[in-house]
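Numbered per the numbering used here, the sequence shown spans residues 17 to 577.
Derived by calculation from the structure, the hints in this document are not laboratory data.
Everything numeric in this text was worked out from a predicted model, so none of it was measured.
A portion of the hints provided could be inaccurate.
Simulated restraints, written as ranges between beta carbons of each label pair [claimed, not checked]:
| hint | residue 1 | residue 2 | range |
| --- | --- | --- | --- |
| 1 | K204 | A423 | 44 to 50 Å |
| 2 | E565 | A287 | 41 to 47 Å |
| 3 | A339 | P386 | 30 to 36 Å |
| 4 | D341 | R310 | 32 to 38 Å |
| 5 | L563 | T501 | 58 to 64 Å |
| 6 | L360 | A423 | 31 to 37 Å |
| 7 | D361 | T66 | 44 to 50 Å |
| 8 | R310 | K350 | 34 to 40 Å |
| 9 | I564 | K345 | 45 to 51 Å |
| 10 | E191 | S554 | 30 to 36 Å |
| 11 | W303 | D208 | 37 to 43 Å |
| 12 | E353 | M276 | 22 to 28 Å |
| 13 | S98 | D341 | 56 to 62 Å |
| 14 | Q390 | R366 | 41 to 47 Å |
Straight-line C-alpha distance at most 27 Å; calculated DSSO-like pairs for lysine-lysine [claimed, not checked]:
| hint | residue 1 | residue 2 |
| --- | --- | --- |
| 15 | K350 | K397 |
| 16 | K567 | K249 |
| 17 | K249 | K279 |
Backbone N, C-alpha and C define an ideal beta-carbon position, used for all residues, glycine too.
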Amino acid sequence: MSSERNRFLFRPAVIASVLLACVIAGCGNGNTQETYDVVIVNGRVMDPETNFDGVRNVGIKNGRIVTITEEQISGTETIDASGHVVTAGFIDTEQHGLDPWGVKVNLRDGVTTQMDFEVGVLNVAEWYAAKDGKMQANFGAVAGQEYARMRVHDGMELAGPDVSMPYTLLVHRPESVEDGVEGWSVTKSSFDQINQIHEILDEELRQGALGIGSLIGYAGKGIITYEMYTSQKLAGAYGRLTAVHHRFHPSAATPTENQMGAKELIANAMALNAPLEIHHDNDYGWWENQELLRLAREQGYNVWATYYPWIAGSGNYGASVVAPDTWEKLMGYKYEETIYDPQLDKYVTRDEFLKFAKEEPGRTLVAFSPPRKQWLPEWTKVPHFTVAGDGMPGLDVNAEFLGWDGAYEDYAGHPRIAGTHAVVLRIARENGVPLMHSLSQLSYWPAKHVGDTGLKALQERGRMQEGMVADIVVFDAENVTEHATYQTGSQGLPSTGIPYVLVNGTVVVKDSKVLKDVYPGQPLRFPVEENGRYEPISAESWKETNLIETKEGLGTDTMGN
């Protein structure tokens, strides 16, 4: 048989094989033959990283965005996003309410990744293990400097998976002051104690903590500059961030201006080339801090800050920032005009404040800062100024956990737990801020900065692109708004205009309702390392690095140790 005849006889078989392969692969038809797990159709797809903005259909399979196309596609579940924006889920790096109710109300606000980068946790491995398979949103945390100092300066054991918020306020801080001295906050560390503190933090980093969280703003008397510098150095040794509530925040009085605390951190970060996130830079001097951070970024440093869009902050009565020496003398505020108690639903008198500070130092308060009202619209316009709600845990008026089924009306605390991200979208809309810029503040820039520390999980989130993890929010850009206010009964009301939220490709908010017993949230954590990286400090090691050697040697100990 000739070769020509062979080609003729075998051609039908070849054609059949090619056709079969095309059917399987979806050749020539935009993969329209593939059935996806979820499809989102007719939505305005927006991606800040690529600046893409167009009406498309999105196909999701196995937790990832597989296609973004103009072609018709089908899936097991279909979401019609007509008239809505489809974009990457919001990422919040300062969420203290990682309890079921707190996670739930934040999902209603579009937040698919919820992390605590300020207070942080201790016993990282146990903390992650306790939440594995039980979270509706992605989660993660830094190692808490405060807890390490409690172990060293207050002699507290701090065992188990619950060394985190809200136990910080309800249990750990009250226990730390039982002997009359809040050691973690006011006691200065010797070199030996700095080493002890950093060895604790080093173990947390070795176990995969996302960085180090510092509350130096609450411990300005205790944390000396060298301890803060070496904490940033330790996190930087892993390439990870230090996230800080900075010294002097929110003071406007010279020489303890808010900016001085920020400059301490920025100088360290630039000298060490170590990532830095400054928390809630939404008080006096924020404009100067933002300029410094921008200039540092332009030189290649991974430094940025967060804000929340509220004219009041929140904390506890025992915090030094609201003590009379700071709140009255430095800030010039009156308690009866600025300190609101959500449990009492009223402003407190000076005497009431002092009573709670002594008897219930962990009790929650809301602190109003009048100048914020004029600054707030400006924050929505600053590049790389990322949104972090600083949401407090889901507690009721009796400081009891609400639980997943708890009524939104029963929450007692700052409304930033419920409405932060919708507030940003509303204020930006009212002030003509481009939506793409707002989405960068809400999702892309936090993903970019934290991802640049080496965290792969955020290198593939915060982006609405094929191949990325399908953390997605669907919202009505013209009508999305918050409903949470400072008044009792409305402090935990959820946002509206966000009908669908997907986490890792799974629908968790459907028709503006959070689905119960759906837990697609994944842990965001670095791999566990075999060995730690901390190099203990000493006067001798400092001299060897920083002094020249003379005939007399390196000299005597002039460093106070």
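Hint check results:
The hint said 44 to 50 Å for the Cβ distance between K204 and A423, and at roughly 46 Å that hint holds. For E565 and A287, the Cβ-Cβ distance of about 24 Å falls outside the hinted range of 41 to 47 Å, so the restraint is violated. For the pair A339 and P386, the supplied restraint of 30 to 36 Å is violated, since their beta-carbon distance comes to about 19 Å. Between D341 and R310 the CB atoms are about 33 Å apart, so this pair conforms to the stated range of 32 to 38 Å.
One distance hint, 58 to 64 Å for the beta-carbon pair L563 and T501, holds here, with the actual separation near 59 Å. One distance hint, 31 to 37 Å for the beta-carbon pair L360 and A423, is violated here, with the actual separation near 20 Å. Between D361 and T66 the beta carbons are some 47 Å apart, a value that agrees with the proposed interval 44 to 50 Å. Distance hint check for R310 and K350: the Cβ-Cβ separation is about 35 Å, which falls inside the suggested range of 34 to 40 Å.
Checked against the given bound of 45 to 51 Å, the beta carbons of I564 and K345, roughly 46 Å apart, stay inside it. Distance hint for E191 and S554: a CB-CB separation of about 32 Å, consistent with the stated range 30 to 36 Å. Between W303 and D208 the beta carbons are some 41 Å apart, a value that agrees with the proposed interval 37 to 43 Å. Range check, E353 to M276: Cβ separation about 27 Å, and the 22 to 28 Å hint holds.
Distance hint for S98 and D341: a CB-CB separation of about 57 Å, consistent with the stated range 56 to 62 Å. Between Q390 and R366 the CB atoms are about 27 Å apart, so this pair departs from the stated range of 41 to 47 Å. As the CA atoms of K350 and K397 are separated by approximately 31 Å, the hinted pair breaks the 27 Å bound. Of the supplied pair hints, the one linking K567 and K249 is violated, its CA atoms being roughly 32 Å apart against a limit of 27 Å.
A distance of roughly 16 Å separates the Cα atoms of K249 and K279; the hinted pair therefore holds under the 27 Å criterion.
Of the numbered hints listed earlier, those contradicted by the structure are 2, 3, 6, 14, 15 and 16.
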